[in-house]
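Protein chains: 2
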Amino acid sequence: MTRKRKGESGSDEMLLATLAAAGSTVSSDELDEVLAGVAAAPPGHNPLAWTVLVAAAAGSDLKDQLRSAHDRAVAARNDGLDRAGMDPARLAALRAELARLGLDGFIVPRGDEHLGEYVPRRAERLAWLTGFTGTAGTAVVLGERAVLFVDGRYTLEAEAQVDGALIERKHLIETPPEGWLASNLAKDQKLGYDPWLHTEKEIKDLARACTNAGAELIAVDANPIDRIWQNQPPPPIAPVVAHDESFAGESSAAKRARLADKIAELAADTAVVIKPDSLAWLLNVRGGDVPFTPLALGFALADASGRVEVFMDPRTLAPGLAGWLGNEVTVRPRDAFDEALDRLGSEDRKVLVDPAGAPARVFTRLRNAGAKLVEGADPCVRMKACKNEGELGGARAAHRRDGVAMARFLAWIGREAPQGALTEMGAVERLEALRAEDALFRGPAFATIAGAGPNGAIVHYRVSERTNRRLETGSLFLIDSGGQYLDGTTDVTRTLAVGEPSAEMRERFTRVLRGNIALATLAFPKGTVGAQIDAIARRHLWDAGLDYDHGTGHGVGSYLGVHEGPQRIAKVYQKVPLEHGMIVSEEPGYYKAGAYGIRTENLLVVRERPMAEGAERAMLAFEVLTLVPIDLSLVEAALLDAEEIAWLNAYHARVAEEIGPSLDSETRAWLERATRAL
Amino acid sequence: MTRKRKGESGSDEMLLATLAAAGSTVSSDELDEVLAGVAAAPPGHNPLAWTVLVAAAAGSDLKDQLRSAHDRAVAARNDGLDRAGMDPARLAALRAELARLGLDGFIVPRGDEHLGEYVPRRAERLAWLTGFTGTAGTAVVLGERAVLFVDGRYTLEAEAQVDGALIERKHLIETPPEGWLASNLAKDQKLGYDPWLHTEKEIKDLARACTNAGAELIAVDANPIDRIWQNQPPPPIAPVVAHDESFAGESSAAKRARLADKIAELAADTAVVIKPDSLAWLLNVRGGDVPFTPLALGFALADASGRVEVFMDPRTLAPGLAGWLGNEVTVRPRDAFDEALDRLGSEDRKVLVDPAGAPARVFTRLRNAGAKLVEGADPCVRMKACKNEGELGGARAAHRRDGVAMARFLAWIGREAPQGALTEMGAVERLEALRAEDALFRGPAFATIAGAGPNGAIVHYRVSERTNRRLETGSLFLIDSGGQYLDGTTDVTRTLAVGEPSAEMRERFTRVLRGNIALATLAFPKGTVGAQIDAIARRHLWDAGLDYDHGTGHGVGSYLGVHEGPQRIAKVYQKVPLEHGMIVSEEPGYYKAGAYGIRTENLLVVRERPMAEGAERAMLAFEVLTLVPIDLSLVEAALLDAEEIAWLNAYHARVAEEIGPSLDSETRAWLERATRAL
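Going line by line, the protein sequences match chains R and A. To convert, note that position 456 of the first sequence is 456 in our numbering; the numbers rise steadily by one, no gaps. To convert, note that position 511 of the second sequence is 511 in our numbering; the numbers rise steadily by one, no gaps.
This list has only true hints and no planted wrong ones.
If chains are identical, the list can't say which one is meant, so a pair holds when it fits in one copy or spans any two.
In silico lysine to aspartate or glutamate, DMTMM-like type, Cα no more than 25 Å apart, as pairs: (1) Lys571 to Glu616; (2) Lys204 to Glu375; (3) Lys571 to Glu608; (4) Lys170 to Glu265; (5) Lys526 to Asp543; (6) Lys262 to Glu178.
Simulated from the structure, these hints should not be mistaken for lab results. Note that the coordinates shown come from a computational prediction; the quantities given were computed from them, not determined experimentally.
Kindly generate the complete structure, drawing on both the sequences and the hints.
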């Protein structure tokens, strides 16, 4: 991080004086560091939220000055991430650094120490090196060759962003890095990796690949990219705030007591918490360190007596938070985590840690310190996945308000699209603005997918100036979006006909819809995993020789990650069963490359079903959370059976009843037509 | 084995003279050993088939003498297996032997060196020790305690057969032996096991359990039960005969060439074949060493050049078989297997062997000899599972003839049941007799399950004198049976109403039937595994809060095992996908304890479906093999949708068309009523 010299900027002196007048004791250096950290965090829904970290209460003049200082820090960021495409000089610099370290190659995954989906700017090493900005991928850089591995979602994006002459592109699933390394590393070559950025399990697989090639896998002490990345952003700074118990539905103390029981059940003394969403859930706090998910990046050690030691930048704690967390929760700097792991070893503790979820570095450190490892999943993951009644009440409320925003949006599309000027970007902006009118809205839950015509067939399409399309008559428009609300996270996809859809579009849309209905109405016994019921949503497509190349559903958090494990509904087997209180999406689709895409997505809650008459076993079933009309102009009623028509009519009647009263009259009139009975 | 002295029996001298006159050179000792071996094999469909092993051609006088000699050998068997219930003296003898060996305990699984479902008498150690005769279970014998672990199918059987005061009974799945050992072994105790009777994987799990308890798991050189079991049967002797290529559909040479390619693909030199059904498939031979499945027990080593070394009792080879096998197949005694494994080590071979399918003993021997292990499944298993067109043609023909026998049986039941005297045992005998009229029939494929009334609710019920019930008016009769025919293996379950069924019976039968139809009509993409489609057969039961506690379907062999892997359709995940040519059962059911059982089972073939118009992806679908009417008096047509009724009518029309012409007029008249359109 570059540091300007003191007094370089007159405006900073004025700001410091204003801060001091407001009772703040922040120094010039401290302010600069906070500003750099804030500039390294995503902007967030309220761009002034961070100011509490330097002045608990700020008047409008101070706020204006802080806003300007922040704008300057953002403008001065110069971390090289805003450049489109790749800079070959960076690859050359990395190779030089590797030579200096005596390494023949290095693995660059897309990820940070917490191994989640979204990362702060500082951890965007893969994007900085290769220009590839997808949320999943891995590069291997050798002396003469470099390869980027991305999955099917990102093939097109990687082709557009990465110069194939310098970096080859491979399919992450079909040609996984392990296989490629086993046949492309030479004997005695040394391949480096950053042990903070890979799970223990990944490293075992990579080490086997290296051994097969007669090569060696070597952990580096410090990531070589951090040495060559000029102006690499510092760790992000965003305020960590309490998540009110009225939303969380359970106190942190109660959660910690339940976690302590689980730790004891597993015959461990201490659990290592790596996932920031586990931490946010456990402590009932939310942060703003990464895009789209309100995470505060930190590690924790939770013990079997209910105490939690948190390793997190103390400057990020909103005023009063430390006290609110209570005596059982201690916050220490991130740097102290290593020593804490060592202490677990010297105290001969039995430590619960997840080989598939924790960095290899944590395992090495614990082993070297002599700790006894109990390998197992982070118990918070499953506890968090099963929402309590408070969270479910919040989810229902959030979905009603989200449904209102979506109804206004769809009614607007219905008016605007026929004019011919509406674009994907225009739609995305409008939808976000409508959601933002809600007092509890805190930002989009992910980058909205708004695919008009052929763009709808790109499953993880993300609109840009280059690809932006108009909504044309006779085409379909697919919009997949969600909101982070204090009381819940939403995720909904609707496909809209612009003008008159073709018979084929209606037929395929109806097959997709039959899958939605079949899954939404399914009852299933406890112990059922998602892979067992995934086919229920696909069979009407399979009948016609069609399918979709993505999962049917993912878990969803409660004002947390829109993609949350462990549950999922997909072809891929995942051993954790669906349980009462889990929220999952169901989003079957159909994609005709170069023509159109169809997807209908609702969120569902897994619920224990009351015992029906004659029933012998307790069954689980789904409650639909999403309250957004399904475009009837795309439904071919002749292809639905009587039960399916009854379901669709009942769903629409419920949508009309639950969101109708909150709508303006124009939208309400639209809603009446949109939810008419078939 | 006890041996009578030479000349002890006058009749043997006469027999030897008759044999010599017929050109046989068998000595008195040799004859005695063969007779003992034949008596240790199951009786088989043709009780004189074994005589070719001592006299290639025998006149009727010689045959009569051989039959008498065989009868005497069976009568003299005295191996203690025909005693019902347990003999506590055996447990005491085992404990004394363990003390002599310095062991604190021993594990007694139900299985032999080939680790399959059916075993020869010699390997019935668990039954001999505990009295428990189920096909799956494990006992652990310690100094003071002994425990028998059986799964839910056998809970009742174990209670009836085993004295709980001497041997505790536990649930194999809920309280697996590993967990029990971990908490019940004392520190420094030594637990013995026979490394021929456990897979490498099982031993790893058991060893971990012992380590957790501070105890030690020790492989014994010889099974202590074999030392204390007086008159333990010798290895079985039954003729190994060629399986005609018109049934096998592919020459052994062609199969061996394909296997050689697979071995080379896996970068191995040699594959260890442990499963006798793999061996039977690979060599196109069939034997008679175990009940219900025409297996010849033996091991084999197949190499990447197409050569196969077989380790099998050479006396069991039918005349001419060695020559028929050709120069690429060498048959050596079973004893030579150990040395052959050592040779693989000394020749530095890369050996493909399955940790989940081969005895731990094979791994130890190979490792000690210095062989390089390539861990992976026996390739024969998957190759065998995908039937060729010749086998499928045979399966269709066998199912037509089996359908004829079943139609005659069902028509007979229809006439007899109302008289009130018909019992489960009477039905089983009649059905087997009807099947036996077919020239290609070679015996039942498994012990017929014939459950009248409440016995139908016992999923793996096996009728005995003690449990035999009459078919009563107002009850259901469930019959699950199958035949081994030279051209295919059948397995069919039908549930019949005796008199007027109740509304509940009809409703539940119809839910089960809807599951059959849903699965039979499913199309699914390549790569789909059984666990993904199992729910398709269950959802109509789930709807009503019902379910069945067994898999939906198992693989079926071609004149081989009626239970054959790797494919299955079940809740339990199994990673091998369903492939073109695989035969699977589909057998959803419903069981009301103490009242009745319902199951409808057809065999299906997985087939590539022709591309439909508009289809984008190749799909697999099922062809129904079984041709047996479904009892229409149990079908509640109002609960079926139009497509389901159309399927049932089309199925019945096909049954009538395919088997009607082969029936006598009385049965044909019954068939016409039984297959009438709804």
